[in-house]
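Engineer: Build out the structure end to end from the sequences listed, making use of the hints.
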Amino acid sequence: MPSWQNNNETSDADDDEYMNEYNSSNMQMEYFQTPDTVIDPSFCGLVVESDRKCILHRQRPGRFVAFEGTDTGRRFIGCATTDGVNCGILEWVDAPWPVILQRCLTKLWDMYHEENLGRVQDKDAHEIGVEKLKKELDSLGNQYSQLVDDVSKLFDYQDGQRSHDMDLTSQAINELKEKKHRLEEQAKIEVQMEKLKLKKEQRCILQSQADIIKNTRKAMKEIQVERDLLKEEKKKLEHVISELLKAGHGCKEKLDKIKEVVMEE
Numbered sequence: 006m007p008s009w010q011n012n013n014e015t016s017d018a019d020d021d022e023y024m025n026e027y028n029s030s031n032m033q034m035e036y037f038q039t040p041d042t043v044i045d046p047s048f049c050g051l052v053v054e055s056d057r058k059c060i061l062h063r064q065r066p067g068r069f070v071a072f073e074g075t076d077t078g079r080r081f082i083g084c085a086t087t088d089g090v091n092c093g094i095l096e097w098v099d100a101p102w103p104v105i106l107q108r109c110l111t112k113l114w115d116m117y118h119e120e121n122l123g124r125v126q127d128k129d130a131h132e133i134g135v136e137k138l139k140k141e142l143d144s145l146g147n148q149y150s151q152l153v154d155d156v157s158k159l160f161d162y163q164d165g166q167r168s169h170d171m172d173l174t175s176q177a178i179n180e181l182k183e184k185k186h187r188l189e190e191q192a193k194i195e196v197q198m199e200k201l202k203l204k205k206e207q208r209c210i211l212q213s214q215a216d217i218i219k220n221t222r223k224a225m226k227e228i229q230v231e232r233d234l235l236k237e238e239k240k241k242l243e244h245v246i247s248e249l250l251k252a253g254h255g256c257k258e259k260l261d262k263i264k265e266v267v268m269e270e
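The opening residue of the sequence shown carries number 6 in the numbering used here; numbering runs sequentially from there.
There is no bait here: all hints are sound.
Dumping the calculated DSS-like pairs for lysine-lysine here, alpha-carbon to alpha-carbon at most 25 Å:
{"no.": "1", "residue 1": "Lys184", "residue 2": "Lys140"}
{"no.": "2", "residue 1": "Lys241", "residue 2": "Lys226"}
{"no.": "3", "residue 1": "Lys239", "residue 2": "Lys251"}
{"no.": "4", "residue 1": "Lys240", "residue 2": "Lys251"}
{"no.": "5", "residue 1": "Lys226", "residue 2": "Lys240"}
{"no.": "6", "residue 1": "Lys182", "residue 2": "Lys140"}
{"no.": "7", "residue 1": "Lys205", "residue 2": "Lys128"}
{"no.": "8", "residue 1": "Lys185", "residue 2": "Lys200"}
{"no.": "9", "residue 1": "Lys137", "residue 2": "Lys182"}
{"no.": "10", "residue 1": "Lys200", "residue 2": "Lys128"}
{"no.": "11", "residue 1": "Lys137", "residue 2": "Lys202"}
{"no.": "12", "residue 1": "Lys193", "residue 2": "Lys204"}
DEER-style ranges, computed between Cβ atoms:
{"no.": "13", "residue 1": "Arg108", "residue 2": "Lys205", "range": "28 to 36 Å"}
{"no.": "14", "residue 1": "Lys241", "residue 2": "Glu119", "range": "43 to 51 Å"}
{"no.": "15", "residue 1": "Glu119", "residue 2": "Lys184", "range": "35 to 43 Å"}
{"no.": "16", "residue 1": "Phe48", "residue 2": "Lys202", "range": "30 to 38 Å"}
{"no.": "17", "residue 1": "Ile178", "residue 2": "Lys139", "range": "15 to 23 Å"}
{"no.": "18", "residue 1": "Glu206", "residue 2": "Glu231", "range": "32 to 40 Å"}
None of these hints come from the bench; they were simulated from the model. Small disclaimer: the values here were computed from a predicted structure and weren't measured. Cβ coordinates follow ideal geometry from the N, Cα and C atoms, glycine included.
Structural biologist: Next up, the structure:
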């Protein structure tokens, strides 16, 4: 398996060395749109070791861990101001991930966006249904108001039939009130279900973020183990070559002595 510079597992001394390089006058800065980030307690906060500041915001840069596309898990130094302006300081601490890992990250993010798209479509469909229920509720409210007006007029016009009409009207009003109450209860239930669903989706997204970071770190550790094994094999091979060279020099000395004896005879 190929190896690469594993900057994600560098020691604190390496981080300090990098920050010294960051403070040097040769460090290049460029403007860009800062990628999304994820909280990492081991690499966060402002870069107080440097006096450099963002040209536009006049703020010190900060330490971040990217959480976007093929750069997920990579650490970088960036603009600490989040005001929506597409500018800042970008200096990657970690080297780009191997191609195969980038492909895996791309696949995971594609699956994540497809899942989010489906959830958004379901949410839109639910909002349309809720809006339809609200319109029906408003229509019933208008019908109820109109019915109350008609009843008032009816009472004024037909005093003799008030008792009979009141019974019919009261029944219709009660039915409308009952239907309105049912619709209101249904709308409340739908809203509560949507809130529970959104909370569940939020927990799933946070869990997915944690899993991606965990899997990335696990892959980094496995590659480091393989690099250590290759180093051990290289040391053994160098030792064998050294022994062979020593043996070759010994044979050459014996041949020289034999040649001297023959020449003397």
